[in-house]
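Q: Read off the chains here:
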Amino acid sequence: MTTLYLGPDELSRTIRRLGHEIVENNHGTEGLVLVGLLSRGYPLARRLGAAIREFEGVEIPVGALDIGLYRDDVTRRGAPPPVRPSDIPGSIDGKTIVLVDDVLFTGRSIRAALDALLDFGRPARVRLAVMVDRGHRELPIRPDFVGKNIPTALVQKVQVRLAEVDGEDGVYVYGEEATHA
Amino acid sequence: MLDVRTQAAPIGAPVPTEWTRKDLLDTDTLSADEIALILDTAEGMREVRSRPVAKVATLRGVTVVTLFYEQSTRTRASFEVAAKALGADVVNLTASGSSVEKGESLIDTVRTLEAIGADLLVMRHGKSGAPYLAARNTTAGVINGGDGTHAHPTQALLDLFTMRCHVGDLAGKKVVIVGDVLHSRVARSNLWSLLASGADVTLCGPATLVPRSLHGAAAEEGRCTVSTDFDAALEGADVVMALRMQKERQEKGLIPSLREYIAGYQLNARRLALARPGALVMHPGPMNEGIEISPEVAHGLTSVIEEQVANGVAVRMAILYLMATARHA
Numbered sequence: 344m345t346t347l348y349l350g351p352d353e354l355s356r357t358i359r360r361l362g363h364e365i366v367e368n369n370h371g372t373e374g375l376v377l378v379g380l381l382s383r384g385y386p387l388a389r390r391l392g393a394a395i396r397e398f399e400g401v402e403i404p405v406g407a408l409d410i411g412l413y414r415d416d417v418t419r420r421g422a423p424p425p426v427r428p429s430d431i432p433g434s435i436d437g438k439t440i441v442l443v444d445d446v447l448f449t450g451r452s453i454r455a456a457l458d459a460l461l462d463f464g465r466p467a468r469v470r471l472a473v474m475v476d477r478g479h480r481e482l483p484i485r486p487d488f489v490g491k492n493i494p495t496a497l498v499q500k501v502q503v504r505l506a507e508v509d510g511e512d513g514v515y516v517y518g519e520e521a522t523h524a
Numbered sequence: 036m037l038d039v040r041t042q043a044a045p046i047g048a049p050v051p052t053e054w055t056r057k058d059l060l061d062t063d064t065l066s067a068d069e070i071a072l073i074l075d076t077a078e079g080m081r082e083v084r085s086r087p088v089a090k091v092a093t094l095r096g097v098t099v100v101t102l103f104y105e106q107s108t109r110t111r112a113s114f115e116v117a118a119k120a121l122g123a124d125v126v127n128l129t130a131s132g133s134s135v136e137k138g139e140s141l142i143d144t145v146r147t148l149e150a151i152g153a154d155l156l157v158m159r160h161g162k163s164g165a166p167y168l169a170a171r172n173t174t175a176g177v178i179n180g181g182d183g184t185h186a187h188p189t190q191a192l193l194d195l196f197t198m199r200c201h202v203g204d205l206a207g208k209k210v211v212i213v214g215d216v217l218h219s220r221v222a223r224s225n226l227w228s229l230l231a232s233g234a235d236v237t238l239c240g241p242a243t244l245v246p247r248s249l250h251g252a253a254a255e256e257g258r259c260t261v262s263t264d265f266d267a268a269l270e271g272a273d274v275v276m277a278l279r280m281q282k283e284r285q286e287k288g289l290i291p292s293l294r295e296y297i298a299g300y301q302l303n304a305r306r307l308a309l310a311r312p313g314a315l316v317m318h319p320g321p322m323n324e325g326i327e328i329s330p331e332v333a334h335g336l337t338s339v340i341e342e343q344v345a346n347g348v349a350v351r352m353a354i355l356y357l358m359a360t361a362r363h364a
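Protein sequence lines, in the order shown, are assigned to chains A and B.
Numbering-wise, my numbering comes out as the position in the first sequence, counting from 1, plus 343.
Numbering-wise, my numbering comes out as the position in the second sequence, counting from 1, plus 35.
Chain B extracted, bound-state conformation:
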């Protein structure tokens, strides 16, 4: 039985919040209401995905271009499936094989795509801030699909959606993010959306890979903590998210050795037992099983890693829908 009152705003009632942004570049400026609007909309999209014919025609006539300057499997595929499930047309571009190889500038590429008729541009770029430059130079809506070490808002929102499905209201819940926080756009975007949703966040990893500057973010309440002691950080955790450990970090001398990293920061069964019973296990992928996460935990009972990927389509559908239909402020 559906409880009508817990649904999103009833038709006819004032919508509590309306999407008015042209672009979605990070989670840092999103209000709790805007985040809730995205997640509520994603509930409806998830229901669409569960149907025998998981497709609607709502965004017929809308063109979504994915422009990826960095390789990606799940984000690009997820956006493409999401756009097609809403009936939009999708054009996929990668830097290799496009005019980018001939030296076309980012601004020229974006303006060309706008001229071709792109309504929404999903962009991934190796340089932090690149989508901001693109957004300033086009009337198309720009969605950041990951920029350098800066932000990955759609990943953060699908993580939040997955947490909300299992943990409910995140106010006062404890989320531990472990690994290479310093270079992780996922960690950063997650931090902002989690804090906005009222969660307490502990960022954990070797001192060389966790920025002390984030300690005390949301300072007045002190809801962000930075720790180098993973075992201690896990106490009372409702959610544990392990980040991908990139081998280059070792080559750059940021960790002494992978073996040392595993000893101190691998999420394994012994450590998971230190968290709250039933604590959710998450990972943004792609995983290095046996390094930042042990296989038995990655595929354990409370792991929602595959669900994160499935939810990614619903959350991206919600974002595409809100952005394509928005009345810009």
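Just chain A, same shape as in the assembly:
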């Protein structure tokens, strides 16, 4: 079973709303840097940057972060995660970093992202923005900005599809909900 949770229009509306929340929380755009996790967090971060430019008229630096080398399951999982270059714009020392990812699930990717990010410097603060929070955290990590909360069963799959990567926009949930939930 496949359920469409957000269509293309709702997705872009949600991105604009997240952009407003990020700027509001930061009291402006001063020192703000958006860092998207590869692969789908990065295009989301770029869209957030574009939305903020639209309503604030300010260009926010946008970076890409690869967490392949920082995962805690590198030598345990099946195939090793791919390793790609990160692209962090300038120094992050003293900046307010907003990590951007598509789906927040166990929290392990974000734990890895924090380790990866801190190898580039010492930001003043790190925030977390996600398009979907599906629950089931395994680590004490919580998001600061959430596009949509989607309660899920563990067996379900959540996918944020983005035109840049997948050729179309949309948030989908696959699989049956747990009946006893």
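These aren't lab readings, by the way, just hints derived from the structure by calculation.
As the structure is a prediction and not an experimental result, all values here were calculated from the model.
Not one of these hints is a red herring.
Simulated crosslink set (SDA-like; lysine to any residue; CA at most 20 angstroms straight-line): (1) B:Lys57 x A:Ala422; (2) B:Lys90 x A:Pro428; (3) B:Lys90 x A:Asp462; (4) B:Lys57 x A:Val417; (5) B:Lys90 x A:Gly464; (6) B:Lys119 x A:Asp462; (7) B:Lys90 x A:Phe463.
Chain A is fixed; fit chain B onto it per the hints.
A: Same frame as chain A, now just chain B:
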């Protein structure tokens, strides 16, 4: 700006190819996809090397042993730096000063190292095929760091990576390798990985030092050519790689004299002008400047010889990472 689509496989998407080999002994059996996987991974490793703190902890708890029966500067140092940059522990062994001097056999040495806890074994040996024997007798992954006149896969892969950085897709590109091809493990391993990547390869040198048997390798397409006329071979070349000329070759009577060799096969400015404008100049090192390559070309504008060495660390990091994390077939 990064283009996500040109990156390696996005997380969640099926990885096009997975590394499943226990050992890396030569490039001859690698598929184009496996080669691409190594080079794509090396792009990420190069970014790690460019950071202020160029080190990660990914291979914490992995032990890499370098076992060198032949002398080496760059390969051994490069592997050691690569392993340490990934957080692995490194033990360096050379034949002199180890039990090898007491007559311990290769198989016993390898089994001892496995018992000590070596996960990966980087091995250089003067005898062609020695790493294959080692690989059959240990569960540790064996990486060939150069065996006799046979193979030097990590050098070939770092050469390929360097070419790809400058020339892009190698399909249809012309690479000329000049010098003592017959005794060159670098040339041989380069040939296989270049052909797999779609390049056309010309092997060039005095008739006594280029094996005719390689003429027409990748035969159906005839993408490997053997030539004794360096000037003619250079026409349309995108990359020119000069090989080290070892003095012993002259003593064995394979070349009439070094002066004669220089006259016919030195890569110099006049000859480089015969290649495609901007053609890359490469050399696996160590160089004999003034013999196989002239100093002005070795340090010229299109020379990437030092870059080869720097890229060697990134490519070896990629290989160590893939091999240490592989799920064996």
